[in-house]
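Protein sequences appear in the order of chains A and X. Mind the numbering: the first sequence is residues 1 to 230 in our numbering, read in order. Mind the numbering: the second sequence is residues 1 to 389 in our numbering, read in order.
Since the hints were made in silico from the structure, they are not lab data. Errors might be hidden in some of the hints.
What the hints assert, rightly or not - In silico contact screen, one side only, chain A against chain X (beta carbon under 7 Å); selected entries:
1. 20
2. 24
3. 25
4. 26
5. 56
6. 78
7. 81
8. 85
9. 88
10. 102
11. 113
12. 114
Unchecked claim - List time: in silico DSS-like cross-link candidates among lysine-lysine, alpha-carbon distance up to 25 Å:
13. A/90 to A/126
14. A/90 to X/17
15. A/126 to X/306
16. X/343 to X/17
17. X/7 to X/17
18. X/132 to X/179
19. X/306 to X/375
20. A/128 to A/145
21. X/68 to X/100
22. X/293 to X/305
23. X/7 to X/293
24. A/90 to X/343
25. A/145 to X/7
26. X/17 to X/100
27. A/90 to X/132
28. X/7 to A/126
29. X/179 to A/90
30. X/7 to A/128
31. X/343 to X/68
32. X/305 to X/179
33. A/145 to X/179
34. X/293 to X/179
35. X/7 to X/375
36. X/132 to A/145
All C-beta atoms in this analysis are idealised placements derived from N, C-alpha and C, irrespective of residue type, glycine included.
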Amino acid sequence: MSAQNRPIISMTGITKVYSVGGEEVRALDNANLLIREGEFVSIIGPSGSGKSTLMNIIGCLDVADSGEYILDGQSIEQYSEEELARIRNKKIGFIFQNFNLLSRMSALANVELPLIYQRLHLSERKEKAQRALDRVGLTDRSSHKPTELSGGQQQRVAIARALATDPAILLADEPTGNLDSKTGDDIMELFRELHRAGDTIVLITHNEEIAAQAQRRIRIMDGHVSEVGV
Amino acid sequence: MILQSVKMAWEAITSNKMRSFLTMLGIIIGVVALVVLVSLVNGATGAVTSEISTLGNDMVTVSISDDKGSPIRLEDLDTIAALDAVGEAAPSDSMNATAKFGYSDATVSLYGTTPAYYNIQGLTLQYGRFLKSADVQNASYVVVLAYDTAEELFGSADVVGESLTIGGRSFLVVGVLEKDTSIFSSMIGGYSAYAPFTVESRMADSPYVTSISISPAGNTDNTESQVNSFMLARFHQDEDAYRLMNMSSISDALSTITGTLSLLLGGIAAISLLVGGIGIMNIMLVSVTERTKEIGIRKAIGAGKKSIMMQFLIEALMVSLMGCLLGLTLSWIILAIASSIAKTISFSMSLNVVLLAVGFSSAIGLIFGLYPANKAANKHPIEALRYEG
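Just need the whole structure built from these sequences, with the hints factored in.
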């Protein structure tokens, strides 16, 4: 059924070159990628494979040197930082390995943060943030600070923060990397649940086992992107 | 958005209270220096100026040292008073004499004058009346006492109708002046008494007027020049025969001095505020580095350059304004203490000084917050996210 859905991520001929110590490194070499709405895709690759570069480009933290990238119908070109920030805010929900929550703020305030940058009104913000926390099963933890929460709960807060803006994709970078296997399984279960609810998820990992839980796997190696087992 | 930035700034400031306070300290000291110094100078200036005006701000005095054979008589004062720029003119010759009442005695300065003296000097009566023209014409032995003189001799001030002797002659007290609380009178000290010119000149054996107080009609400087030309004509163009003093020129000179003084002190205070601003910049730079990760997170979830810039700029502004507020409070306390110690002088914070302090602190917060805020805003999100502090 997902094959008929409209594309969310469409990359053609994406190339990104870094120069490290005067030497050119092709982090991404003519990469093509198509992810449709509602898909749960994992991107696997060892470290140094160009995985991070791909994630940064998908997440609009960086722009490609050449090639075409269309995110949710919008072509991402050489935008200014300000414009890229706005696109990230609206279309991307980041989930990081080390949660990246702001420790000074409560769970609810953390989830509200992207909504603040959308300039939503207080009541709407609170409502959306609370709804996102409800979705990850942390309804009663909203006033706790990250340091008062377990790793799994912190990651759930981070997922809620990503969900709060109703982004086009959830972009998770090794979301279970800092968790024990039991908690990791719970988080993966949460992702599957979100997938069933219709969210588009891109999960980046080096762990084959984790990657296998996705609906579709994409392998990246030395800057080349290829489909696994299709 | 601004409200949110204010909230974020407040969280950041309160999350490290000690550091925030130490950062503010520079501004606090700067503001206290600015406000206290300027207010002290203003308070002192105000006090001195009002003292001078009680001496008779709008007054020209002439003292004649050499009459060149044409001495000034009482009638000549009418000629002076008739000049356009002159209001009134009165003699203010004085002599020292011993005043006695019962067993108490005191050395008093006895002024020989006319009724016009009352207005020229801006005197006020507590009891009785001042001298009258008839007293002068009849050379009546009546006297008006200063409050302190009456108290010293009689032990009380309400002594109208009593008699006393001055220089061996009996005088009837017709009036007592109000108590003079000015610093000048306490500095000059002594006891004064006012008798008709005709009486005093007889006692002093100097029938001519050698000292004149003149009140202006309009501009004091015009009065000064008109009286000056009158005197020059009278004394054969000899400037050394008399000395002319314009009281308002003294207060003009004084205000120039205090103006310069407050500018100088304000300048010094401004420098310490500037140093406080550098302190803010220093801590903000540290804070930006420490919070690199936070900046990365914020940028990843969609904070633009402007939002980050705003957040740090408002934080710097808030630190300096909070410092300013604490400084103003402290200044207020210091000035209240200073006023209670100085008693006669009241030091108050003028609105202008407060506005100056607030304006200066805001400017400093903005200027010195700009560089760190810009640094924060320009951090690359990927590198900032990777930063482990």
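Going through the hints against the structure:
no., hint, verdict
1, 20, "violated (14 Å)"
2, 24, "violated (19 Å)"
3, 25, "violated (15 Å)"
4, 26, "violated (18 Å)"
5, 56, "holds (6 Å)"
6, 78, "violated (15 Å)"
7, 81, "holds (6 Å)"
8, 85, "holds (4 Å)"
9, 88, "holds (5 Å)"
10, 102, "holds (6 Å)"
11, 113, "holds (6 Å)"
12, 114, "holds (4 Å)"
13, A/90 to A/126, "holds (17 Å)"
14, A/90 to X/17, "violated (35 Å)"
15, A/126 to X/306, "holds (24 Å)"
16, X/343 to X/17, "violated (38 Å)"
17, X/7 to X/17, "holds (15 Å)"
18, X/132 to X/179, "holds (21 Å)"
19, X/306 to X/375, "holds (12 Å)"
20, A/128 to A/145, "holds (19 Å)"
21, X/68 to X/100, "violated (37 Å)"
22, X/293 to X/305, "holds (15 Å)"
23, X/7 to X/293, "holds (19 Å)"
24, A/90 to X/343, "violated (66 Å)"
25, A/145 to X/7, "holds (17 Å)"
26, X/17 to X/100, "violated (72 Å)"
27, A/90 to X/132, "violated (94 Å)"
28, X/7 to A/126, "holds (16 Å)"
29, X/179 to A/90, "violated (80 Å)"
30, X/7 to A/128, "holds (20 Å)"
31, X/343 to X/68, "violated (49 Å)"
32, X/305 to X/179, "violated (70 Å)"
33, A/145 to X/179, "violated (71 Å)"
34, X/293 to X/179, "violated (73 Å)"
35, X/7 to X/375, "holds (21 Å)"
36, X/132 to A/145, "violated (89 Å)"
Checked against the numbered hints listed earlier, the structure breaks hints 1, 2, 3, 4, 6, 14, 16, 21, 24, 26, 27, 29, 31, 32, 33, 34, 36; every other hint is satisfied.
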